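Take these sequences, add in the hints, and give me the full structure.
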Amino acid sequence: MTAEGRPGPAAEGADNSSAILKLAIMAVGGQGGGVLSNWVADLAELGGHDAQVTYVAGVAQRTGATIYYVEMAPKSGNGAVFALSPTPGDVDVLIASELMEAGRAVQRGFVTPDRTTLIASSHRILAVSEKQVPGDGRGDGEEVREALSAGAKELLCFDMDRLARESGSVISSSLFGGLARSGALPFPVELYEEVVRASGRGAEASLRAFRAALNHKEEDSPPAPRKTEIRARGPRRLLAAWAGLEARLEALPEEARTMARAGLRKVVDYQDPAYGAEYLDRVERALLADDPSKGHVLTIAAAKHVANAMCYDDIIRVADLKTRSGRDARLRREQQIPPGGVVRVTEYFHPRAEELISILPAWIGRRVDGGGVAGKVLGRLAGGGRRLRSDRLGGFLTLWLLGGLRPVRRRLTRHAVEAAHVERLMDTALTAAGTDYELGVEVFECQRLIKGYSDTHARGLSKFDAVLSGLDLVKARGDASDWLRRLRQAALRDEDGAALKGALETIKSFADED
Amino acid sequence: MAERSFKKEVEHLRMPAGGTFSGEGILAITKALLENGVGYVGGYQGSPISHLMDVLSDAQELLEELGVHFESSASEAAAAAMLAASVHYPIRGAVTFKSTVGTNVASDALANLASGGVKGGALVIVGEDYGEGSSIMQERSHAFAMKSQIWLLDPRPNLPSIVKAVGDGFRLSETSNTPVMLQLRIRSCHLRGSFTAGENLRPAMTVRDALENPTRDVERIVLPPSSYLHEREKVAKRLPAAREFIAGEGLNEFFGNDAGKVGIVAQGGMYNGVVRALQRLGLAETDGRTDIPLYVMNVTYPLVEDEVLAFTAGKEAVLIVEEGHPDYIEQGIRAILHKAGRTVPVEGKGEGRFPEAGELTGEAMRDAVSGFMRDHAAELLPAVGRAPNSPPVLRDDRLEGNVPPRPPGFCVGCPERPIFAATKLVQRELGEHHIAGDIGCHLFSINAPFNIGATTMGYGLGPASNSAFNAKGAEKRSIAFIGDGGFWHNGLASSIGNAVYNDNDGVIVIVDNYYSSATGGQDLPSSRVEKSNRNTGNPIKKAVEGVGAKWVRQIDRTYDVGRMRDTLREALTTKETGPKIIVASSECMLNRRRREKPAEAKAVAEGRRIQRTRFGVDEDVCTGDHACIRLSGCPSLSLKKLDDPLRDDPVAAIDSDCVGCGNCGEVADAAVLCPSFYQADLVRNPGRAETILSRLRGLAIRFLQRRRESRLLSFDAEAAS
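Residue numbers (the numbering used here), protein chains in the order written: chain L, 1 to 514; chain E, 515 to 1235.
Keep in mind the hints are simulated off the structure, nothing from the lab.
Bear in mind the structure is a predicted one, so any value in this text is a computation, not a measurement.
Where hints are given, some of them may not hold.
Claimed, not checked - These stretches of chain L come out as covered by chain E in the derived footprint (C-beta under 8 Å, 3 or more residues):
hint : stretch
1    : 90-104
2    : 137-143
3    : 176-183
4    : 347-354
5    : 417-425
Backbone N, C-alpha and C define an ideal beta-carbon position, used for all residues, glycine too.
Pasting the structure below:
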């Protein structure tokens, strides 16, 4: 922590502006901060105060961070002189319409522990800088929440966005409810409601959202997603096979079982029980190389990443997933389709020649792979963007038939390539683990780099190769696993691999020195 | 159609004398113009005075009733030139635009206007886009006032003062035959407050009267020898007249105890900030009463020597509160004192007082005022006020590492997003290019995820700023973006005409979203709306062909990313010389939704068939690479973390704010990303046949699904629950 000098509020008695109540609203453009600030001013005026609202109506309307400022004071003969913008350390109430905006308010000094009541919605609107990262670039909301508690005198923080949406309204209404609930302004709740009621169109929904926030109880928050018991379903023969696999699962050490179960389920769901057996073979192989005193971290890493590697994303997988009944149900729920509602679904595909080759039998695929005339013909066949109406029989059938290739998948070109990849992952990781346990774990973790389809997949694969190319350079070092982790994190930071390249250069430079 | 409608508020503009008028600064100004018998009003939108144009536009009916002419000028230059109506005729006129950028554009007309002088009051209302929230270069309008000799008003930021300034400005202008600039800072424009209304007045002479009875005074025309006379007249007649009026009418204000030993001189617009600093030091009451002598300059140019000398007389020290660089006022006051042989210490910008540059925030104000008082009048300060600084505030690392920057960006469904996605894609193929930006929403391409654009040289000047990059035979071409706003503002001549005439081989993309969107969705010559009092519907394509452009491509659906990319590729590689112009047209989604939403609600209520389109992501197909986000940045396309121990990275997810623009699907297709995206069209009020067909399809599909699912092992949580 570093200290920053900042003129604070003058002590009690000296500050003649303390009769003025200062309230700031930090919002994301388009959230209705203007409506809210006007409500606050209406409220103040209704409550016998003079009020002044200022804001900046520039490009901040366009989804950027923006700030509204209200000052109010009991009516007096001459009227108070109000300031036009908030001053750090001199704000009584701060309303933030999003968690990180609340954090920004604290950073800017608009929230101070000596006097500021902070009313913040705990939901997140991710910034582009967080979303665009190939890995997980999201800020840590928990840490920010802790900082809010420490930074404010009073903190009111719950998901007011959800309450608003559930009431068919927008967040300005529930934030206003949060303000009423905080009791930070000297006005009764009835006055708040009068203001909302006078707002005309949508006033009923606004009132509902207002009251939802006013009366919100922590226990009303939606429970953590329930852990449903996921059971296998299917024909008896397959269930028997599944039971056999589950028995093998039980033989695994307890720490590794959860991950292996998830992995096994994924692999079997992806292909069949035989594939699941193959998966367990690999997990067991990792277990043999594991060191029980280390909590079976290696086996867990293997269980996770081998499952992901074995379930490579191909056309068959996509077609299979998109034609399942569970997908229908999810789509209707997510798109808020009323029961019995008619919905037209268009799937966006762009198969390339490579995808067509990948579903050719391996012996043919090997020959066309080099491109040439056959590649071109297939490229023409793939024909660029395809829009498939999967709610129609024709479109659905196309996908359904493709998904039906699942039983022959292991004889197709793509599988040969992917199976080799899995073996390479296993070998590299277990070899590394033989000399450096943590390094072996890190090698498995590198599978995380491979994801996506088409070019994205190719780029992931080349990052994977690049990171592993660093392995030889560092494996003799005591801190080899740290370096490999750093390389992987660098690879996840940007799309074109600039960070990774830099990290590799660094490694090369000290490898040369050694 | 402007983003915000003031139809309801403009009714208040009819309020008779004596009523209490409550509203925003811009409404107050409009009311003040009417109360002062303005004869004509014009202007060009731009923050912070965009809404002033919207208010005027919505008040068209009332303006007509009063015989006031109003028009939305094509540019600030056109607006300023409009003031020519006050040169020979005693008609009061007002124009408005943002400053300093608008004033830059207007300065040719303003300089000519100021040279010849005016007969009717001429008011230029500038929205000073300076400080936090500003979107332009940080400069001062003050310089324009000084160079052309236009008086500059900077009233205290409360509605009664602003309203009074409008009337003062007209009278000052008429008394001194000089145009007057009324400066409003960002926050004053939207300041909500109230004032006592006066009666609306019809102009003493209307533009119609003048048109039907033309007069001319050759001495007012800027042409030698009159222009030499003008310069002398400015100094010899107009300046003294102005000073006399300002002092005589008390336009500047004095507060506090005249006998105080230290005094503060402040721009009117800084008054509230100064008072707040004094309040916090215990030196001013809540209502602003103070013993500290304040000289508040509601007129910041010209300086009134007598007032300056009188105020500083007997003072032991004076503090000057002036926002922005350079410190013209401080220089002026120092010069006055110096010429008068005064030695009173003057403090303003510099060490320990005000920052040389930048906004005078509450913090800066308190630092400087408290420092000044501590050094020169410590005995006036209560004990705590004398303490230098409060305990340090701790910086929280938990915030530093997690709170992301949040610059403005494209809205949900913005038609400009796919244009930049296509540009990013074409650069992947053909390499990075030099790309010039312009002014408008499209400039958000500068930020992530597009990171496109190297310079922005002014409104309508994007393509012109690529003029130098015209090297015949070069392996790459320049690309420039320009919006429809910039195009009609001055881009047609300065950018397109220029490129055609000079045979510039660069690529020019004209982003046509039917409105001047960044300023709030005002209409333009190429807007598709039918207006009774404006001529719209003039295609940009026709205009560029009219100035001689040969290679012109019209794209009527920017969301077609593939076509957009192919057209850009063709433009960058074709052998043809001369500018390659792509007009990329799709309606601003904010405006479109505002139009369509009520219509849709109505259709649903009436039982008419209608489709609601949204996009979705299949979470089990998405692999969490976020390549789609790097080609979108749509607020509606975000991330969610799945409850799956096998997945480390969050997957893409589309929320219910999606307007179904199609960018996600188009990008996934054009960039060959992934098959996770689907489009779901909910059919509202489907017909009987459609419902039956849908049911039959559903039955067949469910049959196939069951058939497969009964033969395989499945763990589908959805099916299991």
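Going through the hints against the structure:
no. : hint    : result
1   : 90-104  : holds (count 5)
2   : 137-143 : holds (count 5)
3   : 176-183 : violated (count 0)
4   : 347-354 : holds (count 5)
5   : 417-425 : violated (count 0)
In this structure, the hints that do not hold are numbers 3 and 5, in rising order.
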